[in-house]
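Visitor: Using the sequences and the hints given, assemble the complete structure.
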Amino acid sequence: MSFWSSLSKSWLRMKIFYLFLLLFVYILLLDGCGVATQKRVLVTPQNAKSLDHNSAFLKAHMLDGRVYILSQWSVNSNLKIVSGDGKLLDANREVLANGSFSIPFDSVAIFETNLVTTSPEVMAMALVTGASVILTVYCITNPKACFGSCPTFYVDDGPNQTLQAEGFSSSVAPSLEAKDIDALYRAKPTGKEFNVTMKNEALETHVVRYVDMLVVPRLHGGRVFVTPKGEFWQTTRIIPPHHCNGPEGDCLSQIIAFDGIERKSLADSTFLGTKETVELEFDSVPDGKVGLVMAFRQSLLSTYLFYQTLAYMGSSVGDWYAKLQSGNESIRKRMGGIGQVLGGIEILKQDGSNNWIPVTQVSETGPLATDVRVVPLPNLGSGSQKIQLRFTKGHWRIDYVALALLDKKVTPQRLSPYMVRHDAILDSTAKNILIDTSQVLVTLPGDVYTLTYLLPDDYINYELFLESRGYYMEWIRDEWLAEENPALARMMFLNPQKALKKFAPEFKKVEAEIEQQFWGSRYAR
Amino acid sequence: MPAKRIVIASIFVIFPILLLGCASTTAPRHWLPTAEEAQQEAYGAWITVEYNTTSSDKRIAEGEFIAVNGESVFVLTSEKLVVIPQKQIKQGRLVTYDSKYGVLGIWTLVGVLSTPSHGIGLIISAPVWIVLGSIITSGQSYEPIETTPVKSWDELRKFARFPQGMPKALDPKTLKGKYN
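Here the protein sequences come in this chain order: D and A.
If you count by the working numbering, then the first sequence holds residues 17 to 541, one letter each, in order.
If you count by the working numbering, then the second sequence holds residues 506 to 685, one letter each, in order.
Hints were generated in silico from the structure; no laboratory data involved.
Note that this is a predicted model, so its numbers are computed, not measured.
Possibly wrong hints are sitting among the right ones.
[Said to hold, decoys possible] Within a straight-line C-alpha distance of at most 25 Å, the following computed DSS-like cross-link-like pairs (lysine-lysine) qualify: (1) A:K681 with D:K103; (2) D:K425 with D:K195; (3) A:K663 with D:K65.
Guide: Pasting the structure below:
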């Protein structure tokens, strides 16, 4: 869909209409409607030299009440006359004569000049209009660059509260309600009371069944990781890679530490499902059960495609949701079609003949918070080992990769919030709802809840995880409704391969700026 | 949709309230020239003078500002030329030209109506348009307003029909107004 072909869409036409309406009014009013200011100055004949020649007209008021109004006027200081073309009016301002006049200074009581300029208010209005037009153009060109994705959770990482988790990102309908475990890997509690700020920062309705803290004791000097299946493993030995190589070359510096510096790539310009591989090499892998620790998150590619799909569903989005809700398995599979083609991160190891064999796959929905997982790798072998990661180009951002010796599987202790504040005000109703799993807490854009948990006395020796359960409903934007196209919606579901080819050029147009625009559109009260 | 209701409510409720802050004039319709037209006319500004002839007698004279002479101010009302001693004047207000602030009001209205093109951003852009547009429009409405005692009569005389003072040879009875 090129920009110009999309002009046929009514919402776009409407916005362009608004844009031109505003520009038209702006130009019309600026030039032709006399919104101006006037600066009037009186000058005595003795000071005629100081008359402001920027004044288009000169008025010469005579002692008897008559007045000359001259255009193209000039002053001759030697002859002490003013000359110009114009008219002579009597005291009642009726015209006595028209033509060219030369008026001696000594017959004039006082001169008057008027400087007319564009009003500063017009300039101020022009600035407001300019900003408004820029916003309109932005909205015309980037209707999908809007912040979205499930509840966001902020916790203390020491000096700041940072985004460390996003809950149930793939649960976009009631029937897809699910639990989600996120590692609060960078959390640094400073006391037994530990606050988690839950925000609704998107145009979505969040339905939250519970948000519990899972605390797991750490072995001395070790960490605890959770597997995609929800198993918790203690580890005291972490083996960093000594080599990382992607299509771009060496990528070790990007994945050696969980520091926000991510290994990422751009999507393919012809097929959004095009894969790439990153090869890792580890030394001194010990015998025993090991797992691959990864800190990663999605790019905005899947969010963009999700919004595009909703836009194509348009007014029939309710029907699609109803079908999904009715438990129709084929619909569910189809709705996940694009996600399946994009896929997760495949982990491969080498067999005895150095062929790459898929071992498992890891995935986590959501472009906001980086999640940390461990993926058990059975029979990896000891000594020097190579691992390959295979995934869709431009779809994943990887911050950290390491191997961990999985010492012991442990069961976490579950903590419910003991205090809940809504917009800083104590809210016992919300707290009771979050404790009672038969009820749900509904949040709307701009809502902020602070959930307080009581950690064990020796909290410093515990790893923290957040388990949330619920689902969310995306709000359908007006401009999306106007993009309704059942044929393209069907293509998304029935032929995701074709859809990923068709939308590749369109996504590439916004890919460079989509991150900045996405975060800039975050909803906050 | 709530956002659209916000825009509509803003237009019909908030916008008119904010525009009430604009300067008004009692000048007859089309009497005042625009700033451009005023360059080629030689009438005085529209003046409203509140004065006391005695401590209990309050009067208002409004019409064309004719001249300031010595201790007196000359106002040509619809009926006659009124000469008011400056000492008796409590306050005076001049409207020197038509500021055309209504144009900026329409501009603001169009701006507000264009905010649906901002999507959800209209929640911010519509109020910004209304508040800034109203402030700017109000500011423009006050551009041609001059008042006394804020300014002296000597400063204001340039807006009179006869800034040089009342011509001695002129018979006041023969003086005609703009549309007489």
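Visitor: Look at each hint and say if it fits the structure.
Guide: Hints, verified against the model:
With a C-alpha separation of about 19 Å, the suggested pairing of K681 (chain A) with K103 (chain D) holds against the 25 Å cut-off. Distance hint between K425 (chain D) and K195 (chain D) is fulfilled; the C-alpha atoms sit about 20 Å from each other, no more than 25 Å. Under the criterion of a C-alpha separation no larger than 25 Å, the hint pairing K663 (chain A) with K65 (chain D) is consistent with the structure, at around 19 Å.
In summary, this structure violates none of the numbered hints.
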